[in-house]
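Participant: Take a look at the letters that make up each chain.
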Amino acid sequence: MQTIGDLELDQDLDVQRWSWRVERAGWVIIALVLILAMLGVFSTGPLSSATAGSVEGVEIDYQRFLRNNGEASLDILIAPEQIVDGEIRLWVSGDYLEKTSQLVIEPQPKETVIDGDRQVFTFPAEASSEPVRIAMSYEPETIGRLPVRIGIVDGPSVDFTQFCYP
Amino acid sequence: MDAVLRAASIYIFLLVIFRITGKRSLTEMTPFDLILLLIISETTQQAMLGDDFSTTNAVLVICTLIGFEVASSIITFRFPRLSPILEDAPLILYANGKFQKEHMKKERITEADILRAARTNQGIYRLDQIKYAILEKTGEVSILPFDDYL
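So the protein lines, in turn, are chains A and B.
With this note's numbering applied, the first sequence corresponds to residues 1 to 166, in that order.
With this note's numbering applied, the second sequence corresponds to residues 167 to 316, in that order.
Incorrect hints may have been included.
Stated by the list, open to error - Simulated DEER-style distance windows between Cβ atoms:
#1 B:Ile-183 - A:Gly-40: 20 to 28 Å
#2 A:Gln-102 - B:Ile-183: 30 to 38 Å
#3 A:Thr-161 - B:Glu-235: 15 to 23 Å
These aren't lab readings, by the way, just hints derived from the structure by calculation.
Ideal Cβ placement from N, Cα and C applies to all residues, glycine included.
Go ahead and model the full structure; you've got the sequences and the hints to work with.
Facilitator: Right under this line is the structure:
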């Protein structure tokens, strides 16, 4: 306890100055977090949106950054050349399926076949000149890297990795 | 394990975030501050409980929070030097006729704030009646009048 005049007070100016500095640094960090969040570093935003694959085969719009148990979606564009015998046979890798839940595919596949460590979804499709769109929504159930591999059976495939925040 | 880790990380995050908002943060509660506090607790609650509404989860989360609270009070008691870091310390704002301008600026407290504290707590209405004004670590301003005005 310190005596200042006739006042007994545990004022400690050195620690106080240090604590003001930390306080100011903290404000800067909060501002940075907000800016990064607006840019999409914590999912959804310009820095997070990405596209993988190619227009001639399979092209997927995805978010680089996801959150554990948050909602995520993939927008899959399939070139018309990939429609074989009136159907599209899309496969999704097992390690991705293992780390996600609540997978909903729109439109619904006609059948789902387990093929080793991957699943094959079959969609009936008319021949067309426009790319076909399939949307997948899911909830990641992992923290850290979430590898995704999606492709057409006996056709092109796309590989990318998403990052999952706690 | 999840429940304890979630509650612990939220506890530490809240401790840090409220520490860096400064002493003034939420002690002088305006109606808006109250609403803000409710929104913060609502947001925190969901992250802390996850989607597990079981009694076990609630018990674990509460035990973690209380455990951290007790631990931090033991730490600050055993190591008094850590107390100003974890809990902040009092600060003189006004002493014997002189404002401590630097302190007031850093804590965002105006002369009007000091006079208001004097009026509401001590029935004092002039600066020359005040001997000391101290910003306590809890965020309120203590007013100590000259003996003649007691």
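Participant: Just tell me: holds or violated, for the beta carbon distance of Thr-161 (chain A) and Glu-235 (chain B) against 15 to 23 Å?
Facilitator: violated, 40 Å
Participant: Kindly confirm whether 30 to 38 Å is satisfied by the beta carbon distance between Gln-102 (chain A) and Ile-183 (chain B).
Facilitator: holds, 31 Å
Participant: For the hint 20 to 28 Å, verify it against the beta carbon of Ile-183 (chain B) and that of Gly-40 (chain A).
Facilitator: Hint holds: Cβ distance 22 Å, inside 20 to 28 Å.
In summary, the structure is inconsistent with hint 3 from the numbered list given earlier, while agreeing with all the others.
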